[in-house]
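As you go down the protein sequences, you meet chains U and L in turn.
Numbering-wise (this note's numbering), the first sequence opens with residue 1 and increments by one.
Numbering-wise (this note's numbering), the second sequence opens with residue 1 and increments by one.
Fair warning: there could be bad hints in the mix.
[Stated by the list, open to error] Cross-link-like lysine-lysine pairs, in silico, DSSO-like; alpha carbons within 30 Å at most:
#: 1; chain 1: L; residue 1: Lys103; chain 2: U; residue 2: Lys195
#: 2; chain 1: L; residue 1: Lys152; chain 2: U; residue 2: Lys195
#: 3; chain 1: U; residue 1: Lys92; chain 2: L; residue 2: Lys119
#: 4; chain 1: L; residue 1: Lys245; chain 2: U; residue 2: Lys195
#: 5; chain 1: L; residue 1: Lys100; chain 2: U; residue 2: Lys179
#: 6; chain 1: U; residue 1: Lys194; chain 2: L; residue 2: Lys114
#: 7; chain 1: L; residue 1: Lys11; chain 2: U; residue 2: Lys179
#: 8; chain 1: L; residue 1: Lys152; chain 2: U; residue 2: Lys278
#: 9; chain 1: L; residue 1: Lys73; chain 2: U; residue 2: Lys194
#: 10; chain 1: U; residue 1: Lys194; chain 2: L; residue 2: Lys150
#: 11; chain 1: L; residue 1: Lys129; chain 2: U; residue 2: Lys194
#: 12; chain 1: L; residue 1: Lys119; chain 2: U; residue 2: Lys179
#: 13; chain 1: U; residue 1: Lys282; chain 2: L; residue 2: Lys129
#: 14; chain 1: U; residue 1: Lys195; chain 2: L; residue 2: Lys100
#: 15; chain 1: U; residue 1: Lys92; chain 2: L; residue 2: Lys11
#: 16; chain 1: L; residue 1: Lys114; chain 2: U; residue 2: Lys92
#: 17; chain 1: L; residue 1: Lys73; chain 2: U; residue 2: Lys92
#: 18; chain 1: U; residue 1: Lys195; chain 2: L; residue 2: Lys166
#: 19; chain 1: U; residue 1: Lys282; chain 2: L; residue 2: Lys114
#: 20; chain 1: L; residue 1: Lys274; chain 2: U; residue 2: Lys195
#: 21; chain 1: U; residue 1: Lys195; chain 2: L; residue 2: Lys315
#: 22; chain 1: U; residue 1: Lys95; chain 2: L; residue 2: Lys73
[Unchecked claim] From the structure, some residues in chain L lie toward chain U, with a derived Cβ separation under 10 Å:
#: 23; residue: Arg36
#: 24; residue: Tyr86
#: 25; residue: Phe291
In case anyone wonders, no lab produced these hints; they're calculated from the structure.
Positions of the beta carbon are idealized from the N, C-alpha and C atoms, including for glycine.
Listed below, chain by chain, are the residues.
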Amino acid sequence: MNFKHKYVFLLPGLIVLIGILIFPIIFTVRLSLSGWNSFNPGLDFIGLKNYIRLFTDDPRFWQSFFRLSFLAITTVFLQYIIGFALAHMVWKDIKFKRFFRVLFLIPMMTTPVIMTVIWRTFFHESLGPLNDFLSIFGLQPPWLSSPGLAKVSIIVVEVWQWTSFMFLLMLAGLLSLPKEPFLAAAVDGASPFKKFIYVTFPLMAPISIGAIIIRLIEASKIMDTVFVLTSGGPGTSTETSSFFIFIKGLREFQMGYAATASFTYLIIMIISLTVIVKVLTKVLMRE
Amino acid sequence: MSLMLNHISFKPTEEYHLNDISLRFESGKMYTILGRTLSGKTTLLKTIAGLQTPDSGSINFDDTDFLSIPVWKRNVAMVYQQFINYPHLNVRDNIAFPLKQRKMDENLIESEVKEAMEKVGLIGFESRKIQELSGGQQQRVALARSLAKKAKILLLDEPLVNLDYKLREGLREEFKKLFNVSDESNSILIYASTDPLEAMQLNGNIIVIDEGKILQSGTAKDVFENPATAKVAEITNDPAMNINKCLIQDNSLIMNDSVQIQIPDQLKSIPNGKYLVGIRATDIYLDDQGFAFDVEISEISGSETFLHLRNNNLKCVATIEEVKTYNTNEVVKINFDKSKIYLFEESGELQHSPYQ
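Assemble the whole structure, with the sequences as input and the hints as a guide.
Set out below in structure tokens:
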């Protein structure tokens, strides 16, 4: 194209892109090669020292990473199952269909942080209504102070908060399906259960993959729930990667090291999500 | 084995979709349900398949109460007007779908699928995706799927209507062959159609349906020669039989002031009074000594020309056995074969047929 000023017109968009996306990434990479901390603020250059420390001498980061993987996969799996089931339920003509459709969306309309505060009260060991109820059966589970149950609590809150998002995507998917294959399947001898297995599920595969990936990306950033509900505790038993990076960077002011962890985390996420998409496509679409 | 429909009615809204339908289908035979669009053909087929539950009446197949059996256990196959297949499966898996539901042996499925694909001429397309096929091929897949199932009842709901002319003619020929083959398997074949020509060509038993009611059923020849009512005569002819009011008085048949004829011999015994006269478009011909009519529309169809004619309040369609263009409002002189006149009572019942 013989148009000399085209870059001038591209500039506003380009500046925004550079300012909010490219510069932060490059700066993080540069920061990860520095020893910036509260005693020594500044962009000095210490080579790969931070990376060596992260990969050889920091089991806490890797523990938090595997914990995150566990939490993300468990919650998204549960959200998918429950969300799909609820969507399938209100997809058919049932009574109060509209009421249920709105009801299932309510969790998504609430503010996660505030809801988590409410959940924290709910789970409170001596004052919470849940243990008040369970005490009838002589049970007083330490929801937030035992390493195992604290993870369960986080899963419960995450599933409650985000199932409605999954529900919304799956319902939209179901409503967009063609009706004809279901007619054919019924006549071809498929019972309602088989119809789901052989027709509904495969037809929903592309939408399922999209929904799962969106939720996995979101879930791998779990931060507010952990922060409000357990603050990573007891000990480090509910600490996730983003919470770990937050502690290192903004509590202990090891900026360089936090940048190293961030960048490493980003690379791992990009690779693993690509692999997950491939695997899901293979499993769900049978290609 | 036979399929019995007893007093089936279906009235989802103010109007009857099916109105007190009683029919008996014998296995090994072929039936054509002939009716205009919205006459209830599809609803009837869906009711037999089980996709729709009638408000009243019963369906029995071999002494079993069909209505108490859910769709997926009825052993019915259906081909729809739209090309319905499974978009997520390839051609082979589409055809194998009903067999897989029955948990058949893999090797058996393989051979059955191959047989069905040979019948409809789809060999070589096994691993194609449905979206990669043409309309005709998609309908072949749907047909192969219904054939592979070897169902006791095969329902075909205007399977050719969405195909182009050439393909329709070709597939119809194949249908006739396929149906003859299926006859040996003793299944009941029910074919819904809006096209009288198609119904006659398939040459089975014809059931004429209109506004959810059965008007007449019988062999193709019988329905064509002796339509029970004026409505049946309209539905079973293309172009529709010309039905007009007439008066029989003093040995003449009066259609309007200018179109009057001496009453033909075979109608002499009919008492004077008001009737409906029916004349097939093909029984009208050009005749210089005939009656003068104005041309309203002329349309050329293949090697024939359809003339829509008018004489005052008298309207008719004539099939002229040549290709010729006529101008609108051009005056043509026509006559009609007086030995082929039908007479209906004013209420519509057949009074006289030339084939009686």
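Inset, instruction - Against the earlier hints, flag every one the structure doesn't satisfy and list their numbers going up. - result: 3, 4, 8, 16, 18, 20, 21, 23, 25
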